[in-house]
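S.K.: Since chain Z is already given, all that's left is putting chain Y on it; use the hints.
Here the protein sequences line up with chains Z and Y, keeping their order.
Okay, so the first sequence: first residue is 1 according to the numbering used here, each after it adds one.
Okay, so the second sequence: first residue is 282 according to the numbering used here, each after it adds one.
Rather than coming from a laboratory, the hints here were simulated on the basis of the structure.
Beta carbons: idealized from backbone N, C-alpha and C, even for Gly.
Each statement offered as a hint is correct.
Under the rule of at most 16 Å between Cα atoms (straight-line distance), these lysine to aspartate or glutamate pairs were calculated in the EDC-like manner:
1) Z:Lys138 <-> Y:Glu333
2) Z:Lys168 <-> Z:Glu201
3) Z:Lys168 <-> Y:Glu333
4) Z:Lys82 <-> Z:Asp280
5) Z:Lys227 <-> Z:Asp209
6) Z:Lys135 <-> Y:Glu333
7) Z:Lys24 <-> Z:Glu265
8) Z:Lys211 <-> Z:Glu225
9) Y:Lys283 <-> Y:Glu495
From the derived model, a few chain Y residues whose C-beta atoms are all more than 12 Å from chain Z:
10) Leu318
11) Thr404
12) Ile492
13) Pro514
14) Lys522
15) Tyr549
16) Pro557
17) Leu595
Now for the letters of each chain:
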Amino acid sequence: MPKLQELQDLTVQVRRDILRMVHKVNSGHPGGSLGCTEFMVALYNELMELKEGFDMDGKDEDLFFLSNGHISPVFYSVLARKGYFPVDELNTFRLIDSRLQGHPTTHEGLPGVRIASGSLGQGMSVALGAAQAKKLNKDSKLVYTLHGDGELQEGQNWEAIMYAAGNKVDNLISTIDYNGQQIDGATEDVLPLGNLRKKFEAFGWDVVDIKEGNNLEAVINGMKEAKSRTGKGKPVCVLLHTVMGNGVDFMMHTHAWHGKAPNDEQLENALSQNPETIGDY
Amino acid sequence: MKKYIDQGKNDTRSGFGAGLAELGRSNPNVVALCADLVGSLKMEKFIEENPERFFQIGIAEANMMGIAAGLTIGGKIPFTGTFANFSTGRVYDQIRQSIAYSGKNVKICASHAGVTLGEDGATHQILEDIGMMKMLPGMTVINPCDYNQTKAATIAIAEHEGPVYLRFGRPKVANFTPVDQKFEIGKALMLSEGTDVTIVATGHLVWEALIAAESLEKQGISAEVINIHTIKPFDGEAVLKSVKKTGCIVSAEEHNYLGGLGETVAGYLATTLPTPQEFVGTKDTFGESGTPEELMSKYGLDNKAIEKAVLKVLKRK
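One chain only, chain Z, in its complex shape:
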């Protein structure tokens, strides 16, 4: 995989972007963003088939919907680094008059975003509609989604999960960021999710586990495996085992950094663990 080093470099740079964005405005959600960095970098730079430019309909290209909108920092960084909008615009995250709202929205016309998300549990339904539209349009491209694991506590997901299998929506790959953490603590303590693999399978989905969700190569291989299972009559679920706050030692293995920004010292420490690669914004 010749591109792997390039993607590794991009991953580190995206981490820096995330940390600097939330630090600047002293708000935002670094934990989940850092945990999903490898996934988002791989998705946009190795896995998805994308057209040049951006249009809302996204015909004849793969689509991605971020359901857990609070991890907007990683989404914005990856979109900017992919060329959807100027990288410098990351400077405006969460500021007044910015297109980079706290949670992603179509409202300000930011290229790359096709739905508002933030109020949890809605992304899979939207993705199902987009996937059905692709089938009506004889468009063979795929629809990807990302959800928090705690987000699965929202009931609408299970309406969507039931519908997807019942209607054989097999052009959909829904990934669960399986980090076991949510705002109030471990999912196991807040509201246990039970056996997610068995739950998805019982609903009629094909399930792929990516055990090393913060290993770029493992993510790419696992997602390619997931992709190979599309078009076979079943929606595909990826259980992406990640560590919240990955790549910054003091942010890992805790829910403390779900929605908290680092102070100046903490930022310096965090950035020193992720030295600049392709250039800061």
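M.R.: Just chain Y now, kept in the frame of chain Z:
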């Protein structure tokens, strides 16, 4: 006053079904979704003629709203169908985030609105939906008055880019608007000119307003009747022009007086030409089981209630 003739009682939901069927033939981008109420929403014809463009969602309205939002990505024009209660209150946040805030071209088609749903009772009789929907930025809110107008409105909203809430009902009611009348979103319809009082009505209450005006005419009172089929965007100019002539107004709707048409009228006139107004609507209450006629009478939503409100507002001029 101008006389209107009932061409034969029919339900507004059948007007929706007929309009949807016509759209199925004329607009290949129109798709329909339903949450297990196909028969109640009269969607059978569309489904029979366009099975590949129909999505049966099951009893999962939140999922339906999200799927509808997603179908617009790819150029479809989704029409969702379920009862008004399950089209609004049950799924308010889904509509707010995935449809309204996201600016999606979804048509939320809501039957069985108000107390005329009848015997099923208050759990199903939503009287707050206009208020909820009109508060959403960018949402168009339409409540047509009869079969013909509901059919025309259904066809018209497919041509409008943006989210729309289309509200209609269950019972068979007078069908009196011209069969070929084009529906113009946001344009109030003058039904009968008068000089003493303005009556603005929406939905099932429009016919009741015409009956009331006829009775008032016999008492020597000249009532102007305006059909406000579109609550948002509101045709304030039409109302202002009328009250400049009459000097008082009665609003009439099958909805809580809080949050409905009457409140929109009052808000508009408060900032343009403060005018004595009486509200015909439910008075901050839930409905109950009963026949549509009994409920319209008990909750003060019939022509007698409108007449009474007119007599009251005339004294305040």
